[in-house]
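Each chain is listed here by its residues.
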Amino acid sequence: MPDLGIEVLFAGRNMARMLGGLWVALRISLVSAALGIPSGILLGVVMRMKNPVTKILTRLYLEVVRILPQLVLLFLVFFGTTRMFGWNLEAETAAIIVFTFWGTAEMGDLVRGALAGIPAHQYESGAALGLTMPQIYRFIVIPQTLRRLIPLSINLVTRMIKTTSLVMMIGVVEVLKVTQQIIEANRVAHPQAAFGLYGAVFVFYFLACWPISLLAGYLEKKWS
Amino acid sequence: MKEDLLRIEHVSKSYGENRILKDISLTIHRGEVVVVIGPSGCGKSTLLRCVNGLEPIQQGKITLRGELIDGKSRKITAIRQRVGMVFQNYELFPHMTVLENIVLAPVKVQKKGRREAVEEAEKLLARVGLCGKEESYPRELSGGQKQRVAIVRALIMEPEILLFDEVTAALDPEMVREVLDVLLQLAEQGRTMVIVTHEMAFARAVADRVIFIDQGNIVEQGTPEEFFGNPKSERAKKFLRTFEFEPVSGKTAGAGSAVQSVPGI
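Order-wise, the sequence lines are chains A and B. Heads up: the first sequence runs through residues 9 to 232, numbered per my numbering. Heads up: the second sequence runs through residues 7 to 271, numbered per my numbering.
Derived from the structure by calculation, the hints contain no laboratory data. Quantities reported herein were computed from a predicted structural model and do not represent experimental measurements. C-beta atoms are modelled at their ideal positions from N, C-alpha and C, and glycine is treated no differently. Hints should not be assumed to be uniformly reliable.
To be verified - Here are the computed lysine-lysine pairs in the DSS-like style, where the Cα-Cα straight-line distance is at most 30 Å:
no., chain 1, residue 1, chain 2, residue 2
1, B, Lys139, A, Lys229
2, B, Lys243, A, Lys58
3, A, Lys63, B, Lys139
4, B, Lys78, A, Lys58
Claimed, not checked - Take a look, some chain A residues computed to stay more than 10 Å from chain B by CB distance:
no., residue
5, Val72
6, Arg91
7, Gly207
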C-alpha cells in the first residue's frame, strides 16, 4: 500500500483544521450569496426598465464583472484599495465584497432573463380576466419567475463555493490554504501526502456542492 | 330590435405608419353571434384586442352598454370582467392546475368564495367534457383540452360578451371539432359572441352575422346565407375562392395510364 497521506489527514488536528478551512470558504460564499441574491433581484428588475441610462449602466456593470477574472477583482479590491485609499480591508471582507459584486451581477442577469422569458401573453390573459397589474405580478409573473430562478440561483451558489478557492491568493486561510500548509509541514516525513490531502479537498468540495446541485436538479424537474 | 351591447364607432388603430384598422364601425346586439373573417393581417384579431382594451386605439370609441372601454382607465378591470376573451394559444397559467387557472379570477377579482368558485368550475368543466381534469397541469393536456379550459376560465366570470381569437388555429384538425362544439353549445345558450375564425363551415353554422374585413376595413357583412351564398364584393368572392379546390384535371384517369406508358414497368 503506497503512502497516500491518508494518515496525515487523520493525524493531530489536521482534519479539523481542513474542515475549519472549508467553513471559511462556505462562509464567504454563503454571506456573499445572502447579500448578492437580493441585490441581484433588484438589479434584474432595474435591468428590465426601458430607461436608457439604467440600461447602459447595468449593462456596463455586467460586462465588467464578466470580463474581469475574479482573481483580478480580488487583487484590485484587496491590494488596490489599500494603495489608493489607504483602506485596510480584512482579506475575508475583501473576498465578500468581490463575491457579492460578482454574484449581484450574475443574479441580476438571471432575473432579467427569467422576467424576459415570461411571454407577453401571460400578462395579457391575466389582464383579460380583469386582474390588476399588481395581481398579475403576484399570481402569475412572480411565481413563474421564481420557479425558473431557484434552480439557477442555486447553481450560482455552487459556482461561488468553487470559486472561493481563489481567495487564498489574497491570504484568506480557507480549505485549500490549510491543506497546503499541512502538506508543507509534512514534506519530509510524508512526501506523497499531497495526493491524499488534495483528494480529501476534492471530497470536501464535492460534499458541500453535491447536495446543493441535487436540490437544484430536483426543483428544476418538479417545476419544469 | 335587441339591445345594443357593444358599439364600435369609427375606430382607427395604427402601429407607427401602419394603419391596421381604418374607421371601423360595428354594433353587436345582445345574444348575437358575430363571426369575423378575413385574410391574415387584415386587422380582425387587433379589433378583438381593442375591444377589451389590450390595444390602445387612436380614433373613435368602443362602448359596452354605454360605458367607454379604455385600456388606460382605472375602470378597465371592471370592464374586462364583463368581456371574456379566449386566445389562439390558450395562454393558461402553466404553474397552476386546471382548477386554479379557472378559479383565480373569480376568487381574486370578483371576490367570490373559493368553494362556490370551485363548484362552478367543476360544473363548467363537466359541461365541456373535462370532468376529472381539475388537478391536471396545462402541460398534461392536449391542445383541444387546454383550449376548453381557457373557455371555462373565461365563462366562469359570467361575461356579457365573449371574444374568441382564432381559438382553433393552433389545434390539430381532430381537436378543432371538440372546441367548435363547445362554441356551438354556447351559441345555443344565447350568449353574445364575437368569433374570429378561419373555419368557414363553422362560421356558416354558428353565425348570425358574418363580417368580412380586409386591409382594416369592413368590406362586407350579412347573414351567413347571404355572405357565403352570394358575396357581393369582388374581394370577398376572391377570399372565399381560396377555400375551394378544383379537382386536378385528369388525375384519376391519367395517372394510371401514365405509369403504364413508362417502358419497363
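Evaluation of the provided hints:
{"no.": "1", "hint": "B:Lys139 / A:Lys229", "in the structure": "holds (22 Å)"}
{"no.": "2", "hint": "B:Lys243 / A:Lys58", "in the structure": "violated (46 Å)"}
{"no.": "3", "hint": "A:Lys63 / B:Lys139", "in the structure": "violated (44 Å)"}
{"no.": "4", "hint": "B:Lys78 / A:Lys58", "in the structure": "holds (19 Å)"}
{"no.": "5", "hint": "Val72", "in the structure": "holds (35 Å)"}
{"no.": "6", "hint": "Arg91", "in the structure": "holds (51 Å)"}
{"no.": "7", "hint": "Gly207", "in the structure": "holds (43 Å)"}
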